[in-house]
Every structure is written in C-alpha cells, then in structure tokens.
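Engineer: Just so you know, the sequences run in chain order G and B. Just so you know, this note's numbering puts 141 at position 141 of the first sequence, and the rest follows in order with no gaps. Just add 164 to wherever you are in the second sequence, counting from 1, and you've got this note's numbering.
Read the hints as simulated data drawn from the structure, not as lab findings. Quick reminder that beta carbons are idealized off the backbone N, C-alpha and C, glycines included. Incorrect hints may appear among the rest.
These stretches of chain B come out as covered by chain G in the derived footprint (C-beta under 8 angstroms, 3 or more residues) [as the list claims (entries may be wrong)]:
id : stretch
1  : 179 to 192
2  : 528 to 539
3  : 586 to 593
4  : 596 to 606
5  : 625 to 639
6  : 642 to 651
Heads up, simulated DSBU-like pairs for lysine-lysine below, C-alpha to C-alpha not over 30 angstroms straight-line [as the list claims (entries may be wrong)]:
id : chain 1 : residue 1 : chain 2 : residue 2
7  : B       : Lys505    : G       : Lys44
8  : G       : Lys44     : G       : Lys10
9  : G       : Lys128    : B       : Lys381
10 : G       : Lys45     : B       : Lys587
11 : G       : Lys132    : B       : Lys318
12 : B       : Lys298    : B       : Lys330
13 : G       : Lys147    : B       : Lys298
14 : G       : Lys65     : B       : Lys346
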Amino acid sequence: MKIIDSNNEKWDISLQNINQLQSIKNINLNDEEFIFPETEFAIKKNTVKISQGGQIIIANVVKNKDTWWVHINGKVLTFTSADSRKAGTKITQGSLQAPMPGTILDVQVSVGQTIETGQSLLVMEAMKMEHKITAPFSGTVEKINCKKDQKVDRGFVLIELKQN
Amino acid sequence: MLAPEWMKNAKFPFGCVLIANRGEVACRIAKACKELGLSAVAIYTSSDENSPLLDLCDQNYFLEGQTLHETFLNIEAIITAAKATGAQAIHPGFGFLSESAEFAKEVIDAGLIWIGPSPESIEIMGDKMSAREKMKSVGVPLVPGHEVYSTGIKEIHDELIEVSPKLGFPLLLKASAGGGGKGMRVVNRPSEMAEAIGAAQREAQTAFGDGRIYVEKLLTKCKHIEIQILADGYGNIIHLGERECSLQRRHQKVIEECPSPVMEPRLRNLMGAAGIAAAAAVTYMGAGTVEFLLDGDKFYFLEMNTRLQVEHPVTEFVTGIDIVHQQFRIAAGLPLGIEQKEITMKGHSIESRVYAEDPSSGFLPSAGPLLRLKMPQGPGIRVDSGVIEGNTIDTNFDPMIAKIIVHANNRETAIMRMKNALKETVLLGLQTNIEFLHALLCDDDVINGDTDTNLIETKWPNGWNPPEDPELFALGAIACTIYEENGLSSPLHSNNNQKITNDPFLKLNNKFP
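Only chain G is shown next, with the shape it has when bound in the complex (with noise of 0.2 angstroms):
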C-alpha cells in the first residue's frame, strides 16, 4: 500500500503471507529500499501487536476519511493515502490557509485591495483564542473565500493574494 507521512516521504509496503503469518516483503521510502530489522505482527482485537527483538509493541490504528492515525509506544502519526493526494487542489504560495480550525471574527480587506508585508487582513478564533491572518508579502488580494462568522476548517484556503 502506498501512503504518505506527515513530513510528506512516501512509503510504499507490500505484504506476504506465509504459511498464514502475515510478514513484510518490502519497504520502499520515497521509492528506494528501506532496510528494517525483522519484525513479526499478529492482529489483536482492534489493534496491531509488532515484536521486534523480543520487544512487544502495540500499535492503535484508525482512520478517518483519507488521514490514518497511527498511536506507537506513546507517539502518534498520521498518513494519508498517495491517491487522495494527487487528487488535491495545489495550494500556491499566495493562497492564505486556517493555521487551525475556527470561526472569523473578521475580514479587515476586499478584493483588489492593495496590502503590505505583516498588514493584519483577517482575524480567526478558536477556543476563546484569537488569531490574526497577515500579508506574507506585499500585493494584491485576489480573492476571499470567507465572510464573518464562517466556521472553517484548518487548511481551508482564506484569501488569495498576488505578489507585486
């Protein structure tokens, strides 16, 4: 199967069974060979028990649309399936993302409006916390893909800028 990490490396896994013991055949990262200890797995209940060398570890695994979450040994991670990715929207460098999920209190520019570098252009909260959106460059705002009030959620795409 192929997925991608949360520091966007793509790993690709195939299984094998042998003999009705599941084994890895392979690990490749970012298409080259990754060299891994050996390692046995066996399913328990809703979770994945790992023994490698003589160590148990239990692994929690659910998921959630397209995003695994993945609970090892008190760490979490999260991947999401190579497919789902491709099929994303590309996000440019003027394309001002929810740096978390919330509601805005405010939108401070419209469309056309000159802006500069750290100008205040749209004010989020979360969680009793307010969060200003600034100009990471000068330019103009092309678009606002929000009003007041909107909930939205982290990544939604605010407003896009055009750099001068």
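Using the hints provided, position chain B relative to the given structure of chain G.
Structural biologist: Just chain B now, with coordinates in the frame of chain G:
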C-alpha cells in the same frame, strides 16, 4: 430532595445541586455529589448531547441556543433551570460564570445556595486594581506597580511616564478587569508607552467593557506559586500548601505540581500566611487560590481566583483533602472540620493538561473526533475528563480535553509515573499536546525544578516538533498497511465483532442452559 444525613446539623442544608458548567469539571463535581448523597442536575446544549455528564447526573436540563451567551453564560436561563429542576444550590465550577459577582448575587437573590464566596469578595478580587489596593492595606506584598485613575490617554501617559523611572523598564500594562492575557502590553522603553496605552485600553474595552489599566514592573525569570485556601463562614481560614504552575504557554498552565520543588517550610509558612491574610481581607468563604510570583525568595501577590481551580487535584493527592467536598460542607454552613496544624503534605503530585492543540504550529487549537480514546490507569493515577470515545472536540469551548494527575512518594517517581501515563494515553482523531507534555518532562531544567513562567516560550518560541525517527514512521506505515489489508478500516464494526468472538465470558455464558 432531602438533604443528606451528614448535613443534619448544617445551617443551610440542601439535597440537590445544579452544576452550571460542562465537560471535565462538571463530571468531577457530579461524582462528588454522588459520593456525598446529593442529587445532581446537569445543564447541557446541543453540543453536549453525547457527553458522559448526562449519565452522571440525576436530571438533565436542556439550554436552548447556540452561543455561550445564550447558554452557559446566561444567568437567567440557569436560574430558571435550577427552579424547574428543584435544585437548591448552584456549583459554578471554573470558567464561565464562576467569577461573576452578578451571577452569585442573582443566585442568592433567587433564594438558592451559592457554592462559592460572597459577591462582594468576588468583586473586590475580580477587579485587579481594587484587589491591589486591598492587599496593600493588609500588607500582602505586591508586584511593584502603579494604579492609574486618570481617564484621558494623555493624562495616563504623563502619569505613567512620571512613575516609570521609579519602577524601571520593562513595564507591563494590564487591564484592571483583566484575565487571560487580554489587555496586556509590554513596554520596553518610554517611546513605546503612548501606543501601548492605546492598545491596552482598546483591548480591555473590547474584551471586558472596561478600559481601565494599571502598570506593573515586568518581572522575568519568576515562578508561579499559588496557595490553596479553605475558609468557612465562621472566620476559620486554613491553607493547603502551594502548587507550582510555572510551565505555561500563552499564560495558560500546562503542567502543575504539588509541592513546588523549590519550596522549603519557612517560605511555605510565609506564603501560606500571606494567602490567609489575602482571604481574610475580603472575608472570604469557600475554596480559593491566591496566586503569587516567586523571585528567588521574594514573593508578590498576583491575583486571587475566587473559585475551584483546574489544578486542584494535585493538592487533593498530597494533602488527602477533597476540595470539592469541602466546598459543599462550607456552603451548607458547616464549620471547617480541619485545623492548620492537621494539614500534612505527603509525597508528590503532578498534573498534565491534555489540550486539543498542535504543538508544531505554535500550540494553535485543533479540533476533531475522538476516534479512539484510552486513558491511563494504575496505582497513583487519576484521570479527570469529560469526554468518551466517539465525542467530538469542537472549537466553541476550551481546548482542555482531560487532566492526567499522578501521585508518588517523591518527585522523581512522580515524573516517571507521569511519563509512562502519557505514553499509555491513546487519543486518535485530532492533534493534541500529549507528546509535548512527555518531552517537557524529559527536559533537564524541568527535571531539576529550574523552571520559570517563560520556560516554554524561551525554549520553543515557534512551537515544538517531535524528533525525526524514520524507523517509527516505517512501523506506522506498516501498521496502517496491515490494518487496511485485514479489513479493519471500519473501526466500530470490527470492534463489535471482536467483542462477540473474543470475550471469554460471553462464551461461558452461552453454555448455561
């Protein structure tokens, strides 16, 4: 509802309590009600329909409305709820209306018992300038500063410029009605003063409807130490020692502990006495917390929180006193059954606040479903939480999901216990600070107790990222592949199947005729 037997000699007995709050603190209070034989009423909104609180309470009262002002901040609706359900007392928890003198007054005027201090105590301590004046009058040490009573920007400016050489830069402008970092501005040099006054006033006016500001010398490299107070209605006031809460981000506490690693008995006695003096100055009643900044062995009054505090469990573990039980006893008009000399501190306790936030993006809030939730268990571990697997954390409320509290014989063991408890905690579906909390407890300065309120923003000014570990990512990718290729991707479905096939008791049961 009849008052429980233990209240038979109480002046103001009650049998039914409305909890004017939600989430983990409401659950904690509901459990205390159960233990004490009190009937509990939950108020809830459409966001809380799957909350475990509703099962912990004897009655649930639905609040109409979408915004907080229509629901958890709606004094009239909450008093109506109390009347409709036959509640005789109201516990405000923390946050929301817990420090509203107006709410306390309305509750009392409605003939209900307010579980907290008098509206007058709340009012004096809630206004930072009047609290400072009050503390000055009873000799509690204050952060060097100056209260401004002029109103025009020019007058304020001239007044502050006049006192600034005496205080020394940097200065901190603060809102008198303030809290939560709002209306606060750092002034590094005289030329920045005018702009900072304007900004602080505007922010205070917007946030609190009150633009009054005052100035304090900005103390850096200080510890946040607070004293837990219990006071009854008969003039008995005791303290339950200190909590250290220096580890903060955005002026919000992250990890708290009791006792403070730098505390020694002489200083504890001094700070305890100052805490008691502060409470006595406002004829305090109930549980309260007096917060201080500690600079070497000098301490300065910061503010008093006239309510139960988030981090109260660390004090409960170390002193063995249930603070919520005491709040109920005091509100019923029973005298404090404990004397100062009976208070002993045993072992060490640490609390970690699990927040819905993303440490890698500067601790900004996160949201999402709790797809899997397994909280730690074991000797010396307490979990206070108000959510269950399947609930969703949304951005309307506070980011705190749960608190993990540990207790051990000494600090070193308490740290080990907390680190393991954090590792055991499985919370999938949204970003949290759990790994960051673990990393914090691995930091040398934290281990040595060498902490101050700026530690987190000094060490991780742009947030925290986990160390790179390709082998871990490989294991994660493998686990996802196994999960996917064995058809486990519908978690609820597979969960149910497993319960039927793997539960030995179910199989045994089936054999009975």
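Engineer: Now tell me, hint by hint, if it's right for this structure.
Structural biologist: Here's how the hints hold up against the structure:
1. Counting residues of the stretch 179 to 192 of chain B whose beta carbon lies closer than 8 angstroms to any beta carbon of chain G gives 0, which falls short of the minimum of three for the stated coverage.
2. Only residues whose C-beta sits within less than 8 angstroms of a C-beta in chain G count toward coverage, and the stretch 528 to 539 of chain B has 9 of them, enough to reach three; the restraint holds.
3. Taking a C-beta to C-beta cut-off of 8 angstroms, the stretch 586 to 593 of chain B contributes 8 residues in contact with chain G, enough for the three needed, and the coverage statement holds.
4. Coverage of the stretch 596 to 606 of chain B by chain G holds [criterion: at least 3 residues with CB-CB distance below 8 angstroms; count 4].
5. Evaluation of the coverage hint for the stretch 625 to 639 of chain B: fulfilled, as 9 residues show C-beta separations to chain G shorter than 8 angstroms, against a requirement of three.
6. Under the rule that three or more residues need a Cβ within less than 8 angstroms of chain G, the assignment of the stretch 642 to 651 of chain B holds, with 9 such residues.
7. A hinted pair counts as satisfied when its Cα atoms are at most 30 angstroms apart, and Lys505(B) with Lys44(G) does not qualify at roughly 54 angstroms.
8. For the suggested pair Lys44(G) and Lys10(G), the alpha carbons sit about 27 angstroms apart, so the restraint of at most 30 angstroms is met.
9. The suggested pairing of Lys128(G) with Lys381(B) holds, with an alpha-carbon distance near 27 angstroms, which does not exceed 30 angstroms.
10. Only pairs whose Cα atoms come within 30 angstroms are accepted, and Lys45(G) paired with Lys587(B) is accepted, the gap being roughly 20 angstroms.
11. Between Lys132(G) and Lys318(B), the direct Cα distance comes to roughly 29 angstroms. Compliance with the 30 angstroms bound is thereby established for this hinted pair.
12. Only pairs whose Cα atoms come within 30 angstroms are accepted, and Lys298(B) paired with Lys330(B) is accepted, the gap being roughly 22 angstroms.
13. Among the hinted pairs, Lys147(G) with Lys298(B) is inconsistent with the structure: their alpha-carbon atoms are about 46 angstroms apart, more than 30 angstroms.
14. For the given pair, Lys65(G) sits about 38 angstroms from Lys346(B) by alpha-carbon distance, which is inconsistent with the 30 angstroms threshold.
In this structure, the hints that do not hold are numbers 1, 7, 13, 14, in rising order.
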